[in-house]
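Now that you have both chains on their own, put them together as the hints suggest.
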Amino acid sequence: MTNQETDNGTTRDDLLQRVALMETMIAEGRKSTARYGWIFVMWGLIYFVAMGWAVFLPFKDWAWPVCVTVGVLVGIVRVRRKRAHGAAENQRSRSIEAVWQAMCVAIILYVIAAAVSGHGNQSAYYAAVFFFVGLAHGISARILRWGVQGLVAFIWWGCGIALFFFNTRNEVLFIFLAAAFFGMILFGLYAMMLERRRAAALVQHHA
Amino acid sequence: MPELPELDPVVHGKLRLAVLSLLIGVEDADFTWLRQKTGSTDGNLGAQMLKLEEAGYVAMEKRFAGRKPQTVYRMTPAGREALAAYVAALKQLLGTAL
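Note that the protein sequences, when read in sequence, are chains C and Z.
Under my numbering, the letters of the first sequence match residues 1 to 207, in that order.
Under my numbering, the letters of the second sequence match residues 208 to 305, in that order.
With the rest of the complex left out, here is chain Z (with noise of 0.2 Å):
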């Protein structure tokens, strides 16, 4: 029997999985477009979003929009890898639960 692949810790949780799916479709998005866009709190999302920042799945940039300054994130080659792989072992993980 083939052994079953482990699903990346970090990218599994509901909010950082969501985000990277996000991330995954645009260039960089800020802070607020991504808390609107997964309907999570400020402090739930910041914590997560340190999460992925640690793991080198994101990177993080701080600018100003006019006056106002804006936190914007772009997902990193190791972010896309890490979310490749995260699909691959589910397709994998749900074969076999078939």
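Pulled out of the complex, with its shape left as it was, chain C reads as follows (with noise of 0.2 Å):
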């Protein structure tokens, strides 16, 4: 092939390019607007810490209502310091948005409601959770047509299930733990992997 001149004065070569940097660039913005992948990883360090306390330390029943009010409130800051630094927002990232604003709320809620109540060292009550979880998953990795996301959401539907039949202080812990781990944890190093890959492709693109 050559690159020869077309009748309008430019070249295919520059043509091409043209067709290529606006390939790059619709696919750029339709991506996910954002960069979640630490939040992931944190929430799975605040489940760690709020499923210790609840364990082995006292004011058991407050450990899970002030662990997820303070990863609200750093989840919130950093949100806001990352809009600062440039934004964009489309259908897509409004619903993801909506769904785990939604799932955040709800489960504020019901932590608190559980703790005063206290009803908050169930295992029931920790299968709720993660089946608030496993559906913000769920609906996110129908939205983004993510199969890694689906999985997750399946994780902690499996692990929600499993609440019911296997309800003993350590079993309890075991599968709690273990799906903060892979379905918070794992996915959010993932994410934040693939965000990286993808930055530095858009580097390599401008270079």
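Hints listed in this document are in silico derivations from the structure and should not be mistaken for laboratory results.
Treat the hints loosely; a few may be bogus.
Stated by the list, open to error - Listed below are several chain C residues computed to face chain Z (Cβ distance under 10 Å; list not exhaustive):
#  : residue
1  : Arg12
2  : Leu15
3  : Gln17
4  : Leu21
5  : Met22
6  : Ile26
7  : Ala87
8  : Ser95
9  : Glu97
10 : Ala98
11 : Glu195
Claimed, not checked - Calculated from the model, a selection of chain C residues having no Cβ within reach of chain Z, i.e. all distances over 10 Å:
#  : residue
12 : Leu16
13 : Ala88
14 : Ile107
15 : Phe132
16 : Trp146
17 : Gly150
18 : Arg196
No residue lacks a Cβ here, since even glycine has one placed at the ideal position from N, Cα and C.
Shown next as structure tokens:
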């Protein structure tokens, strides 16, 4: 194939470069417009801390309300800071944010109500939290058409079901830590790796 | 022989084309996000955005995110039409250059 000049005065290579540029930028604009992998890692760690507190420390009914509230506040501050450094919005990003925001509100209300009424230390209580988290992952996976996140939803739901059948203190602890590790920390690290790879590809494109 | 189409010079500029391609996938985007995605400088991007605004292809809005001022851009219907026409012209030109 030659780099012959079109009748318009531009070369074929020049036009092909424009096509490639458009494809890259359209894909970039349509991707989820923010980086959220760190949030999953943070929540995974918060779950570990909250569970450790609920099992090993006093005032166990307050472990979840306190840890979840701290997590939400840290999340809000970090998201606001990141947005100050540039943001774009599309229907997809807004849908995903809405799902996770609604899930956060639901969990906060749920854990506070459970703590106040003294129902905060039963396996069914934890199972409900798992189903909330699995639901948010499942909806995000459908919106993003992302199989890995769909798998994460099933991890949470599977662990939620398991809690109804294995409900000694050690079993609950083990299931919870497994869900937090695979369904949050590991998934968050994977998402962060993909985000970095995408950012590196974009830098390479501009170079 | 069919007449070859003209490429819209406003759309054809590399940075302007990159911005329009980004904006078509989002509802709106702030200046900083566009600068990050295109890897351009403040001055260059600002100048190109002005050209797109003058052509009526993007609309600009100043607003505040908390206390920070933000310049937000969105693509206008005229911008969408111009990009669609540009793509059609590109297809035709590439077809003749084969």
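Checked hints:
Annotation: C/Arg12 was flagged as interfacial toward chain Z, and the flag holds, the nearest CB pair being 4 Å apart, inside 10 Å. For the restraint placing C/Leu15 at the interface with chain Z, the shortest Cβ-Cβ distance is roughly 6 Å, inside the 10 Å limit, so the hint holds. A hinted interface residue such as C/Gln17 counts as satisfied when its beta carbon comes closer than 10 Å to some beta carbon of chain Z; here the least separation is about 8 Å, so the hint holds. A hinted interface residue such as C/Leu21 counts as satisfied when its beta carbon comes closer than 10 Å to some beta carbon of chain Z; here the least separation is about 6 Å, so the hint holds.
A distance limit of 10 Å between C-beta atoms decides the matter here; for C/Met22 the minimum to chain Z is near 5 Å, and the interface restraint holds. Interface hint status for C/Ile26: upheld, as the beta-carbon distance to the closest one in chain Z is roughly 5 Å, under 10 Å. A distance limit of 10 Å between C-beta atoms decides the matter here; for C/Ala87 the minimum to chain Z is near 5 Å, and the interface restraint holds. Interface hint status for C/Ser95: violated, as the beta-carbon distance to the closest one in chain Z is roughly 12 Å, over 10 Å.
Interface restraint check for C/Glu97: the shortest CB-CB distance to chain Z comes to about 13 Å, outside 10 Å, so the restraint is violated. Hint status for C/Ala98 relative to chain Z: violated, with the closest Cβ pair at about 14 Å, above 10 Å. This hint is violated: C/Glu195 has a C-beta 13 Å from the nearest C-beta of chain Z, more than the 10 Å allowed. Its beta-carbon lying about 7 Å from the closest one in chain Z, C/Leu16 breaks the requirement of being farther than 10 Å from that chain.
For C/Ala88, the requirement that its beta carbon stay farther than 10 Å from each beta carbon of chain Z is not met, with the minimum near 3 Å. Distance to chain Z confirms C/Ile107 as a non-interface residue, since its nearest Cβ pair spans about 25 Å, more than 10 Å. Remark: the non-interface label on C/Phe132 is consistent with the geometry, its nearest Cβ contact in chain Z lying 28 Å away (cut-off 10 Å). The non-interface label for C/Trp146 is consistent with chain Z: the shortest C-beta to C-beta separation is roughly 17 Å, beyond 10 Å.
With a cut of 10 Å on Cβ distances, C/Gly150 stays outside the contact zone with chain Z, its closest approach being about 23 Å. Against chain Z, the non-interface label of C/Arg196 holds: every CB pair exceeds 10 Å, the least being about 14 Å.
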